[in-house]
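> Protein chains in written order, with my numbering: chain E, 1 to 251; chain Z, 252 to 502; chain H, 503 to 753; chain Y, 754 to 1004; chain W, 1005 to 1255; chain L, 1256 to 1506.
These are calculated hints, taken from the structure and not from any lab test. Treat the hints with care, as some may be off.
Below, computed lysine-lysine pairings styled on DSBU-like, alpha-carbon distance capped at 35 Å [what the hints assert, rightly or not]:
1. H/K597 / E/K4
2. Y/K929 / Z/K482
3. H/K597 / L/K1431
4. Y/K947 / Y/K984
5. H/K506 / H/K733
6. H/K733 / L/K1431
7. E/K66 / H/K678
8. E/K4 / E/K141
9. Z/K279 / E/K66
10. H/K530 / E/K141
11. E/K176 / Z/K292
12. L/K1297 / W/K1226
13. Z/K253 / Y/K795
14. L/K1486 / H/K643
15. H/K666 / E/K95
16. E/K231 / E/K66
17. E/K157 / E/K95
18. Y/K975 / Y/K917
19. Y/K947 / Y/K975
20. Z/K292 / Z/K255
21. Y/K848 / Z/K473
22. H/K696 / E/K141
23. H/K666 / H/K568
24. W/K1008 / W/K1070
25. E/K41 / Z/K482
26. Z/K392 / Y/K795
27. L/K1419 / H/K543
28. E/K157 / H/K666
29. L/K1350 / W/K1006
Chain E stretches covered by chain H per the calculated footprint, using a threshold of three residues with CB under 8 Å from any CB of chain H [what the hints assert, rightly or not]:
30. 44 to 58
31. 108 to 114
32. 121 to 127
33. 132 to 143
34. 197 to 203
35. 206 to 213
36. 231 to 244
Even for Gly, the Cβ is constructed at its ideal location relative to N, Cα and C.
There are 6 protein chains.
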Amino acid sequence: MKKKILFIDPVYNDDFCDTISEYLDNVKRSDTDIEVISLGKKPGPEHLEYRCYEIMAMPDIVRMVKEAEESGYDAAIIGCFYDPALRACREVAEKMVVSAPAESSLHIASTIGESISIIVGRQKWMPEIKETIHKYGFFDKVVSIKPLGMGVLDFQKDHEQTLKRMRRAAIEAVEKDGADVIVRGCTAELGFFKELQNELGIPVIDVSLAAFKYAEFLVDLKQNMDWTHSKRAGYQSPPSEEMAAFRLFTN
Amino acid sequence: MKKKILFIDPVYNDDFCDTISEYLDNVKRSDTDIEVISLGKKPGPEHLEYRCYEIMAMPDIVRMVKEAEESGYDAAIIGCFYDPALRACREVAEKMVVSAPAESSLHIASTIGESISIIVGRQKWMPEIKETIHKYGFFDKVVSIKPLGMGVLDFQKDHEQTLKRMRRAAIEAVEKDGADVIVRGCTAELGFFKELQNELGIPVIDVSLAAFKYAEFLVDLKQNMDWTHSKRAGYQSPPSEEMAAFRLFTN
Amino acid sequence: MKKKILFIDPVYNDDFCDTISEYLDNVKRSDTDIEVISLGKKPGPEHLEYRCYEIMAMPDIVRMVKEAEESGYDAAIIGCFYDPALRACREVAEKMVVSAPAESSLHIASTIGESISIIVGRQKWMPEIKETIHKYGFFDKVVSIKPLGMGVLDFQKDHEQTLKRMRRAAIEAVEKDGADVIVRGCTAELGFFKELQNELGIPVIDVSLAAFKYAEFLVDLKQNMDWTHSKRAGYQSPPSEEMAAFRLFTN
Amino acid sequence: MKKKILFIDPVYNDDFCDTISEYLDNVKRSDTDIEVISLGKKPGPEHLEYRCYEIMAMPDIVRMVKEAEESGYDAAIIGCFYDPALRACREVAEKMVVSAPAESSLHIASTIGESISIIVGRQKWMPEIKETIHKYGFFDKVVSIKPLGMGVLDFQKDHEQTLKRMRRAAIEAVEKDGADVIVRGCTAELGFFKELQNELGIPVIDVSLAAFKYAEFLVDLKQNMDWTHSKRAGYQSPPSEEMAAFRLFTN
Amino acid sequence: MKKKILFIDPVYNDDFCDTISEYLDNVKRSDTDIEVISLGKKPGPEHLEYRCYEIMAMPDIVRMVKEAEESGYDAAIIGCFYDPALRACREVAEKMVVSAPAESSLHIASTIGESISIIVGRQKWMPEIKETIHKYGFFDKVVSIKPLGMGVLDFQKDHEQTLKRMRRAAIEAVEKDGADVIVRGCTAELGFFKELQNELGIPVIDVSLAAFKYAEFLVDLKQNMDWTHSKRAGYQSPPSEEMAAFRLFTN
Amino acid sequence: MKKKILFIDPVYNDDFCDTISEYLDNVKRSDTDIEVISLGKKPGPEHLEYRCYEIMAMPDIVRMVKEAEESGYDAAIIGCFYDPALRACREVAEKMVVSAPAESSLHIASTIGESISIIVGRQKWMPEIKETIHKYGFFDKVVSIKPLGMGVLDFQKDHEQTLKRMRRAAIEAVEKDGADVIVRGCTAELGFFKELQNELGIPVIDVSLAAFKYAEFLVDLKQNMDWTHSKRAGYQSPPSEEMAAFRLFTN
């Protein structure tokens, strides 16, 4: 059964869409069709390190998810490790499933390991990431969160340098913190997990891939057992007349 | 020392601004100036029961907070019990403090009582409210969250009926759940706390007033000790050139 | 890529193997081969309600997992909601992944809902099930665990009666406890989830199916990203000479 | 509206009363009258580092609170970071509010920051302080508790030395532990917060000031909304005849 | 090896000393000598339901423990379920061990059962009892705390009535809350545990006996392995000159 | 009253039985008879560092406990710090009590100290030990778990070397982690606690002795108050006919 999946890179440029797309293509199921889009090229945040940037992107993420559902997609992925607007997207999606990197990677990491270390960019991110971990229930599994002292836009500047810092943090996570699985806590940290994984001999979770594979999995559950976001409480959809009256999807 | 405070009713109509204004005037410090505004009259959510509605309002809340700071306000209050965009507002506010109803009322309630019951509108709200309670650290103090089976817009429809349901829930909270303080978990539930408080003989927290008095308190702390939102981690402000480049405050 | 999966019904009779097999066949991926076996027909526990019964079955479960790996299986499933011997099986499996019903169903349930109710057989089961929920990190998501007052062997006696009790418990879970997803906490409760799900309008997780689909997912992760049980700490394999010396796999 | 507030320095000498008094005068509201007294000059503990010292002071604290209420005070502050006798004082105070440094400073710190580090005197204090943090609900916000290796009486001996150690601990709290707000966990550590705050660029909470400003705030809440300690459960007052029969206030 | 143990009934009358004494005699080890005393007959609290009553008794408890140690006792028991002054008593005891009812009974109950229900007198007690449970680490084991609506002095008024209410609460604890062990949370509830235990078929912990047997056990550990209260941190003793200067033991 | 106690060394050789026996004899009550046996000399695990080894030993542990009960023992001790098969043994024991090292030592350590450090062999053990600590409720008391980098079989190889590493870890636990009590988390680490205890000046818990003394204590509670494992829920015994039909005790 076909699975049409949309990966949203929630920033206002297309710089990484092709890279992500290739990247996902390598690991997709044969019955999956994947498309990667950004929020467009109008001016707006080009990364979401700050909560106020996230918020600027959120209405567009919600609208894009709604459109995706109407275009027949089976799943949408919100490609940022803060999982921005996840509950809102699940509210507006009535037939489609929605996945996000932090949720997906923590479910996977806590299944294949028991002591998770998350490598992040800057200390600034930590309060929000800690909240997320708590919310999903994985606080006791996370043995450390390690900032590299690099912003999102720094990651791709000097790959050599990035990989070097990441390696150092990962080794410390394993030896000092006792981690048995590493989560690279940023969708911008593309393309390094394989090397690191081979070097360290433990799983290194790329969070974009995690969200993508989890999306496939959720679609599979829906197609076969009709298990999908419950509409009873937190993911309840608003009345459609109200959404129209409030101009939710018309900007 | 003067305290200029802005109360933002984060919906797209002015229906309650005057009522809230009068209401706050009764309890303000003599050195406080208060103004109440909504997000304006353009089409948009008239209540924020759904996360997707919250998200639509958030960019305007953030912008309004930024403008308030530039106009010389000392504090802004985000008048919704979900505390929408609180972290983002604290990021963009560099001189001003920001308060919100859930945070404020839980700090107060857990100081004057030890077993809190929160009366909310609908079961739909509960997952997000539970997350908030956890985030602020008050989970072990909350003995019950009691939905009335009413939406935000229902509260003001039939005051008699609303008060009746609220009274029933509150009595059960005290007698069955052992609550010694009640939090009315919605800013729309204006005007009932005094009656209920007198009847029950225990404090009943009106969350709009709580957020307002907490804002005054935070301004006082800032004016006297320079204690205000730390800019070191979660509330760090983005670089101003970046905010400009990303068009954060120009819609 | 082919996925060979073994479902172990960890009891000493084959009574349910065919039923389970049919049942899984309906929901499997096209690239999955599934086989269902029990622990054989020698005398031994025919259900695992007691911890001492579990323990009697555990060495055979571990041996069977080891054999499965040697026969080229990609995954094994331990078909009991206590997840018996899960860590031990992951220790001995060096190439294969292992899944189990409680872990799998709680990961799924906490993704598609936020307030889980688990319907179990008897109060006797509850301490061990609570421990499991805590261990996996989902304690705050579980709003109730509801015993039906029925043992494992009672479930299939009178389907009409079982379904009736289950329905009553599920309705109470939704209306009184605020559940938005139901987990039927026993692998013996086969065949009822669809009806209940349709009636209630919320997801009802069959835990055998959950474990099976999660196994497929874990194999997929391994085949594509080489993400699999970390051998660094808790799932570390013993030295093979020691296992031989200790006669681990020769009874 | 006038606010008469009593600050109790719960030790048996008046050495610090004048200093504290001046100190509070600088930050008080214009409508606040403040008086600072100790437990008197009879022999007794001159600091409360040990629980057995606290206990010796507690009956006098309770009596002093009762007298303060009868003399028309609106609030009493118990000036020790262990918050000694707080519940007992709230029981006997029927019209007055009572605040204490740990409770007050943690409420404030967790509002203006998200990662709190508490600087204390000696490791001896830590178990009781940890209990307090847990009790108030702020355990997850506290990233470190750092003992200086100094007793209460050492703090004022060599200001230079004290400030030096405090600075070193604070810098480590920020850089290594990721703190974005510092709480100086002792009322005896008077007079250093401003320097430290300016140096570090993050809020440094003086716990005596915190308790004082929180007391003003609580009085304000009582005067305007009649929100004050609930008498329903933990803060219930004993029957007055029984207190008389048990000679609670006559030593 | 002889074990001299002092049971302190921390109230200002001797009414129950003989009863307690007889009661403990029945269950003591052959090598134990037990003495039961109260705080004397001077006016003071005759029960400790209120925190302010506890506090009045605490200095005398501490002094009595110190004297007991000097008289050669091996252990002292503080006979009240609030465990008043436990840390302080352990500070001043340098050779002796100290036990208390809540700590002792919760350690025992959580070993012989897994789901504890505590039957208490009045809702007033609950916040302090909850704090205690948290502090000792048993929060997740306690499935309910059930107030009988009776004060300490009511328990012995009408034994028939007390037993009746206690039975009703206990049955509800077992059937509705799933308790498998009952703790009777008051030292004044003497003499009922056997009947209730026989009726219910599950252990019913009398908290005075629990504290007594735990004291014997702690003395045994000290005599044989020299395991006793660590003097490194929370139970550190003050310098003896300081205690003398502060008149800790001379009233 | 006589107390017949069986200590089971759950490995397949008798190498340590005599040593353990002598060791326990030194600290036993005068009314205690102690016997130490292993699981026999047939091939099988000689240590239980891996969960799969534990599982191989569990059925024999359960059978041995059953036999002990039938031979008139009052208590059995499962001599491994993972507490293998503890719940199962309590299920099959209908008159006898069962104790185990982790449970016993954590109850004792958290009574005589407040900040526990556990010294273990290898990082491999940590996930299972953490689960155990959580299960028993002592997570907040444990300030560190420190692996020595030594397997069970290494401990007795070079006593000098073992003691040296243990000392270094213990000193770090006290000075850096703030521990006030040490638990040596392995039953194989025999014979060192006294030296270490004297050197460090804080209690050092030998977990075999802890389990033994706790067993004596539990027998005492049973003999005097009839407090013993509740048969209501988790420790419920299976029906005896079913155990016979399932061949639980006949291998």
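> Against this structure, judge whether each hint is valid.
Tested hints:
1. H/K597 / E/K4: Holds. H/K597 to E/K4 sits at ~31 Å (cutoff 35 Å).
2. Y/K929 / Z/K482: Given that 35 Å is the threshold and the Cα spacing comes to 17 Å, the pair holds.
3. H/K597 / L/K1431: The hint is violated at about 40 Å.
4. Y/K947 / Y/K984: Violated. Y/K947 to Y/K984 sits at ~38 Å, over the 35 Å cutoff.
5. H/K506 / H/K733: holds (22 Å)
6. H/K733 / L/K1431: Holds. H/K733 to L/K1431 sits at ~30 Å (cutoff 35 Å).
7. E/K66 / H/K678: With a Cα-Cα distance of about 32 Å, the restraint between E/K66 and H/K678 holds, given a limit of 35 Å.
8. E/K4 / E/K141: Holds, because 33 Å separates the two Cα atoms, which is no more than 35 Å.
9. Z/K279 / E/K66: violated (44 Å)
10. H/K530 / E/K141: holds (31 Å)
11. E/K176 / Z/K292: violated (57 Å)
12. L/K1297 / W/K1226: violated (39 Å)
13. Z/K253 / Y/K795: Measuring from Cα to Cα gives roughly 45 Å; hence the hint is violated.
14. L/K1486 / H/K643: The hint holds at about 29 Å.
15. H/K666 / E/K95: Given pair H/K666, E/K95 holds - Cα atoms ~30 Å apart, limit 35 Å.
16. E/K231 / E/K66: Holds. E/K231 to E/K66 sits at ~16 Å (cutoff 35 Å).
17. E/K157 / E/K95: Cα-Cα ~40 Å, so violated.
18. Y/K975 / Y/K917: violated (41 Å)
19. Y/K947 / Y/K975: holds (30 Å)
20. Z/K292 / Z/K255: holds (24 Å)
21. Y/K848 / Z/K473: holds (29 Å)
22. H/K696 / E/K141: Roughly 34 Å between the alpha carbons, so the hint for H/K696 and E/K141 holds.
23. H/K666 / H/K568: violated (40 Å)
24. W/K1008 / W/K1070: holds (14 Å)
25. E/K41 / Z/K482: Holds, because 31 Å separates the two Cα atoms, which is no more than 35 Å.
26. Z/K392 / Y/K795: violated (40 Å)
27. L/K1419 / H/K543: It is violated: about 53 Å lies between the C-alpha atoms, which goes past 35 Å.
28. E/K157 / H/K666: Measuring from Cα to Cα gives roughly 62 Å; hence the hint is violated.
29. L/K1350 / W/K1006: Within the cut-off at roughly 29 Å; holds.
30. 44 to 58: violated (count 0)
31. 108 to 114: holds (count 6)
32. 121 to 127: Coverage by chain H is violated here, the residue count being 0 at a Cβ distance below 8 Å.
33. 132 to 143: That given contact holds, which follows from 6 residues of the segment 132 to 143 of chain E lying within Cβ reach (below 8 Å) of chain H.
34. 197 to 203: Coverage by chain H holds here, the residue count being 4 at a Cβ distance below 8 Å.
35. 206 to 213: holds (count 3)
36. 231 to 244: Our answer is that it holds, as 5 residues pass the Cβ test (under 8 Å) against chain H, meeting three.
Of the numbered hints stated above, those contradicted by the structure are hints 3, 4, 9, 11, 12, 13, 17, 18, 23, 26, 27, 28, 30, 32, listed in ascending order.
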